[in-house]
Amino acid sequence: MFIVDISQQRLYLVKGEKIIKRYPASTSKYGIGNKEGSNKTPLGTHRIYEKVGEGVKIGTIFKACINTGRIAKIYHDSTDVEQDFVITRIMCLEGLEPGVNKGEGIDSRHRRIYLHGTPEEGLIGKPASHGCIRMKNDDVVELFDLVKIGTLVEIKE
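Quick note on numbering: the numbering used here labels position 157 of the sequence shown as 157, and the sequence is numbered without any gaps.
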């Protein structure tokens with residue numbers, strides 16, 4: 001399982017009570033929330049229901065989980081690009097808590113809440129996404145290879 005800690009902008013891969021890996025992350029610049037169209041990061045227990053992008057080049061741009069064949073430029077400074085690209089690897093999340101992150105108008109799967117790479121690596125560690133959990137590209141490749149479909153993800157304040 002892993003934990004996304006919004007207050008720390010960190011992701012922790014855990015086994016039992018032990019932290020195995022720590023990664024900087026970036027959650028929504030609009031804050032915490034579950035409503036469709038809010039662009040906020042939802043709280044609660046989720047699971048990975050799909051993994052997309054195995055073996056593709058770092059920077060590969062996806063649109064609706066489909067490889068576009070294009071490669072994004074990666075920024076390591078504070079550049080904030082206009083478009084919110086989903087790149088490199090995607091771990092698709094579905095909420096497991098009815099009324100919290102599962103159900104009409106609040107469903108994380110329907111909202112397309114993902115863990116994914118970003119071209120804005122210089123913004124990792126501070127809220128900058130549109131609801132998803134962003135990671136540095138090398139980190140998202142490593143995590144992608146470590147976790148399986150069905151892995152639990154706890155997003156907490």
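Don't take every hint at face value.
Claimed, not checked - Below, a list of computed lysine to any residue pairs in the SDA-like style, where the Cα atoms sit at most 25 angstroms apart: (1) Lys-18 <-> Gln-8; (2) Lys-51 <-> Ser-78; (3) Lys-126 <-> Glu-104.
As the list claims (entries may be wrong) - Simulated DEER-style distance windows between Cβ atoms: (4) Gly-125 <-> Lys-18: 29 to 37 angstroms; (5) Ile-58 <-> Leu-152: 25 to 33 angstroms; (6) Gly-55 <-> His-76: 22 to 30 angstroms; (7) Tyr-49 <-> Glu-104: 27 to 35 angstroms.
No wet-lab data here; the hints were simulated from the structure.
Just so it is clear, CB atoms sit at the ideal spot from N, CA and C, and this is done for glycine as well.
Structure-based check of all given hints:
Distance restraint check for Lys-18 and Gln-8: the Cα-Cα separation of roughly 18 angstroms lies within the 25 angstroms cut-off, and the hinted pair is therefore satisfied. With a C-alpha separation of about 28 angstroms, the suggested pair Lys-51 and Ser-78 falls outside the 25 angstroms cut-off, and the hint is violated. Under the criterion of a C-alpha separation no larger than 25 angstroms, the hint pairing Lys-126 with Glu-104 is inconsistent with the structure, at around 29 angstroms. For Gly-125 and Lys-18, the hinted distance range of 29 to 37 angstroms is not satisfied, since their beta carbons lie about 23 angstroms from each other.
Here the CB-CB span from Ile-58 to Leu-152 is close to 26 angstroms, well matched to the stated 25 to 33 angstroms. A hinted range of 22 to 30 angstroms for the beta carbons of Gly-55 and His-76 is consistent with their spacing of about 24 angstroms. Roughly 18 angstroms separates the CB atoms of Tyr-49 and Glu-104, a value that falls outside the hinted 27 to 35 angstroms.
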